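Participant: The lines below spell out each chain.
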Amino acid sequence: MAKPLIVARDLSIIYNKGKSNEFKALQGVNTDIFEGEYIILFGPSGCGKSTLMYSIQGSLPPGEGTLLIKGDDVYSYPPSERVYFQRHVMGIIFQSFNLIGSLSVLDNVALPMIFCDADRTTRERRAQSLLDRFGVGHVSHKIPAMLSGGQQQRVSVARSMVNDPKILLADEPTGNLDSISTQQVMDKIDEINTFDRRTIIMVSHNAAHLSYAHRVYYLRDGRIVREVVNPQRKQIKPVREGETIVTELEQLARLFPYDSVETLRVKSLVNYLTQDYSFDQIIKLERATSLFIQGKIDRASYIKSLILPTERGGVQIDEKEARRMANISEKMIKNADDIRRFRARKDNNDIFFSQHILAERMQEHLLQTYRIKLDKKQASNMTEVIADRVTGVIEEEELNQRLMKSVRSHGLGLSEKEADDLTRYFEKIIAQGVDVNYKN
Amino acid sequence: MRIQDLAQLSTRMFKTNPLRTWLTILGMGVGTGAVVVLVGLGFGLQQIILEQIVFGETLLSLGVSSTGSQGLRLTPETVLDFEKNEAVLDAAPLARFPALVTYKGLTGNVFVQGVEPPYLRYAGVTAVAGDVFLEEDLGDTNSIMISPATLKLFGIPDEEMDNFIGEKVSIRLLVPADDGTENVNEIVIDKEYRVRGISKEEGVLNIMMMLPELRNYVGIEEYERIQVRVDSNENLPLVETKLIEEGYRVTALSKTVEQASKIFQGIQAVLATFGGIALIVSAIGMFNTMTVTLLERTKEIGIMRTIGASPNDVKYLFVSESVVVGFLGGVSGILMGVTLGVTVNLFLNIVAGQFGGQAVKLFAFPFNFLAFITIFSAAVGYLTGIFPARRASTLNPLDAIRYE
Chain Y
0 MAKPLIVARD
10 LSIIYNKGKS
20 NEFKALQGVN
30 TDIFEGEYII
40 LFGPSGCGKS
50 TLMYSIQGSL
60 PPGEGTLLIK
70 GDDVYSYPPS
80 ERVYFQRHVM
90 GIIFQSFNLI
100 GSLSVLDNVA
110 LPMIFCDADR
120 TTRERRAQSL
130 LDRFGVGHVS
140 HKIPAMLSGG
150 QQQRVSVARS
160 MVNDPKILLA
170 DEPTGNLDSI
180 STQQVMDKID
190 EINTFDRRTI
200 IMVSHNAAHL
210 SYAHRVYYLR
220 DGRIVREVVN
230 PQRKQIKPVR
240 EGETIVTELE
250 QLARLFPYDS
260 VETLRVKSLV
270 NYLTQDYSFD
280 QIIKLERATS
290 LFIQGKIDRA
300 SYIKSLILPT
310 ERGGVQIDEK
320 EARRMANISE
330 KMIKNADDIR
340 RFRARKDNND
350 IFFSQHILAE
360 RMQEHLLQTY
370 RIKLDKKQAS
380 NMTEVIADRV
390 TGVIEEEELN
400 QRLMKSVRSH
410 GLGLSEKEAD
420 DLTRYFEKII
430 AQGVDVNYKN
Chain S
0 MRIQDLAQLS
10 TRMFKTNPLR
20 TWLTILGMGV
30 GTGAVVVLVG
40 LGFGLQQIIL
50 EQIVFGETLL
60 SLGVSSTGSQ
70 GLRLTPETVL
80 DFEKNEAVLD
90 AAPLARFPAL
100 VTYKGLTGNV
110 FVQGVEPPYL
120 RYAGVTAVAG
130 DVFLEEDLGD
140 TNSIMISPAT
150 LKLFGIPDEE
160 MDNFIGEKVS
170 IRLLVPADDG
180 TENVNEIVID
190 KEYRVRGISK
200 EEGVLNIMMM
210 LPELRNYVGI
220 EEYERIQVRV
230 DSNENLPLVE
240 TKLIEEGYRV
250 TALSKTVEQA
260 SKIFQGIQAV
270 LATFGGIALI
280 VSAIGMFNTM
290 TVTLLERTKE
300 IGIMRTIGAS
310 PNDVKYLFVS
320 ESVVVGFLGG
330 VSGILMGVTL
340 GVTVNLFLNI
350 VAGQFGGQAV
360 KLFAFPFNFL
370 AFITIFSAAV
380 GYLTGIFPAR
390 RASTLNPLDA
400 IRYE
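Heads up: the protein sequence lines correspond to chains Y and S, in order.
Counting along the first sequence from 1, when you hit position 264 you're at 263 in numbering that gives the first Met the number 0, and nothing is skipped either side.
Counting along the second sequence from 1, when you hit position 381 you're at 380 in numbering that gives the first Met the number 0, and nothing is skipped either side.
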């Protein structure tokens, strides 16, 4: 069995020990990290994830326990020799980039090599090639302040790789970046893991990144509370048979990263009680529906992707059910369009056009579902109620009440069940059709 | 870290914070400038004095005269006697007679001194105008040197000293009679002597001529004074002691010089103290700046430490930065000080030229002194840098990187 690259045993770090503000940053942490692994340390602020990372980095001596890197107890060396690890074993990326403002981008990247006595030509060639690789070669002679955040972070990735370290440490590398830059930086780090075969240890509290990792350590209050293996990646850490098995909880953990194991277990059970479909099917159904709502696929392909077996990326439901779903979705999308049109008219003070169409469609729905035929008075009241709800005069609760009220007091006189159902259905349509984007 | 990289990294402050860096250097510069000017003044004063009195051979000779009490007389035999001493290279006598000197009808009382050229060297006699007697002038029978006081006797002001060279005077020697009486024989030298030079001896009415020429008119049995040239500095006190034991009165110029030097060393020390205070003030200012720089760079130190700088790398960075500032402070101080000194010298020379005085260099800056100041200021830089540097190197990188 391969030996782990990093071994922590009962690692504890206590700040201000013995003082009134004593703080246990890490308590009895055990971990094995293998060469080539992509590890994410995940958890809320103050959970000890950065503490663990900086302890591995060599800047935070453990109070108790042992920490071995490549079999070496780093902290048994004096600071002048510990530097060897920081030079040749580890590269580091920070949230706030931490480039040195008075040096050019090229010199920033070459700086770790300066400390290793590399000559100018060698280090500048190496730095430039890395900058080129990470797409910031053209700004190598600018100073960092002239670069965008994403560029700066890519420069800092280049810097971390300049001495060709075995381990790349990243402290929330995308915390200060916009979504596009985040994607770029995450892709580069992923590339370093998969292509360069470097071990990555990343501190993050962004759940969207968890799918990159081989394993995720969840930390809370200075302890590792959970280790989640990513089933989508081929594991490097040798797993003894039966010791740990991949369960639905792992999958749920990625969907609900902030929930505790207990909550996830509850979710798993409730899902079984209320849904006929597994989480996997739901995720795929979501994906197909998303494409259908956006209009990227037509009705036929939507149905097809619902029928397709899960191994081939489908939801694996029978054709009749698929058609029913497609019908509902289609109708809802159409109604949503009405709502959209209606609200657009509302802005032009011409609200009477689609009000009736909407109301008619609702009547149709009632007819189809409950076989309720509205009389003229009811239909007129319905038109009014819908207009009030769509224009925002009344809320969901009031809509529900109005549906149950007698016809004389401007209601529809529906039974409670009918009213609830219609309310639910109508709210779904509104959710689809109302533009929630912020407008000035 | 390689030296050239260290140099590059530690001179970044000229780019990042030029104003503060140059002000710090200027602060150090003013401090060292003060030292340079004041000590330079000390050197200048010392040099002025020594230039007047010191010649190599003068320092190695002793002036011997009889005390008169023990009946010791300085005779030609005494001269030979002195020369027998192995430590004595030469002995040059001086004979003196009262005389009357006449210039253009004016007559005054003076002393005529008969000497040989070596005596002038040993006694450190120099000329303020005209020429002094040289070795080859031993046989000279036509020219004399006179003292400035003699010039006054003729009513010649100092400014016209140079014009007096080449003038003719006549001399009548007043020689005591051999008959034991108080009578004085007047010997008229029946020719005129050309004034070849004016000596520097202040306050005495002297005329100097060559001893052989004097002998032509008067028999010399007793000398006034003998200058004994000793071979080396080590033997000087030995010979001196021996002569004193024999009952002679001995004066050594070297002693005077020594005392003068001591006085000027004292003056220099006082001046250097004042300069030193200025230097200490600027060093404290620089120390303060270095400490502030450290605080400002705390984050940078943290970054460097986490990406592979050793504690020593950080220390060297800080130390070399302050050494550079100290060194440049020293250089700029030297530039300022020397410029000031040279300007004052020039100004004084112009003034002296205007008023007909003698040009002097009030400020002097020996090369060794300037080299010392350069090294010293770099050392001051090192000292002001070493404590912040040590602190920087012991900072915890993690605390440092989180410092804002």
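Hints are supplied without guarantee of correctness; some may be wrong.
[To be verified] Stretch-level coverage of chain S by chain Y, calculated; a stretch enters the list once three of its residues show a Cβ under 8 Å from a Cβ in chain Y:
#	stretch
1	196–208
2	240–250
3	307–313
[Claimed, not checked] Here are the simulated DSS-like pairs of lysine-lysine, each with C-alpha atoms no more than 27 Å apart in a straight line:
#	chain 1	residue 1	chain 2	residue 2
4	Y	K2	Y	K16
5	S	K167	Y	K165
6	Y	K295	Y	K266
7	S	K190	S	K167
8	S	K14	Y	K141
9	S	K261	S	K190
10	S	K83	S	K103
11	Y	K303	Y	K330
12	Y	K319	Y	K333
13	S	K103	Y	K23
14	Y	K295	Y	K427
15	Y	K375	Y	K319
16	S	K261	Y	K141
17	S	K261	S	K360
18	Y	K16	S	K190
[Unchecked claim] A few chain Y residues that face chain S, going by a derived Cβ cut-off under 7 Å, partial list only:
#	residue
19	S58
20	L59
21	P78
22	V82
23	Q85
24	S95
25	N97
26	I113
27	A325
28	I327
29	E329
Keep in mind that the hints were calculated from the coordinates and are not lab data.
Predicted model, so just to flag it, every value in this text is computed and none were measured.
Ideal Cβ positions, reconstructed from N, Cα and C, are used throughout, including at glycine.
Participant: Determine for every hint whether it applies to the structure shown.
Facilitator: Results of checking the hints against the structure:
no.	hint	verdict
1	196–208	violated (count 0)
2	240–250	violated (count 0)
3	307–313	holds (count 6)
4	Y/K2 to Y/K16	violated (33 Å)
5	S/K167 to Y/K165	violated (103 Å)
6	Y/K295 to Y/K266	violated (32 Å)
7	S/K190 to S/K167	holds (9 Å)
8	S/K14 to Y/K141	holds (14 Å)
9	S/K261 to S/K190	violated (48 Å)
10	S/K83 to S/K103	violated (46 Å)
11	Y/K303 to Y/K330	holds (18 Å)
12	Y/K319 to Y/K333	holds (21 Å)
13	S/K103 to Y/K23	violated (112 Å)
14	Y/K295 to Y/K427	holds (21 Å)
15	Y/K375 to Y/K319	violated (36 Å)
16	S/K261 to Y/K141	violated (62 Å)
17	S/K261 to S/K360	holds (20 Å)
18	Y/K16 to S/K190	violated (110 Å)
19	S58	holds (4 Å)
20	L59	holds (6 Å)
21	P78	holds (5 Å)
22	V82	holds (4 Å)
23	Q85	holds (5 Å)
24	S95	violated (9 Å)
25	N97	holds (5 Å)
26	I113	holds (5 Å)
27	A325	violated (55 Å)
28	I327	violated (54 Å)
29	E329	violated (56 Å)
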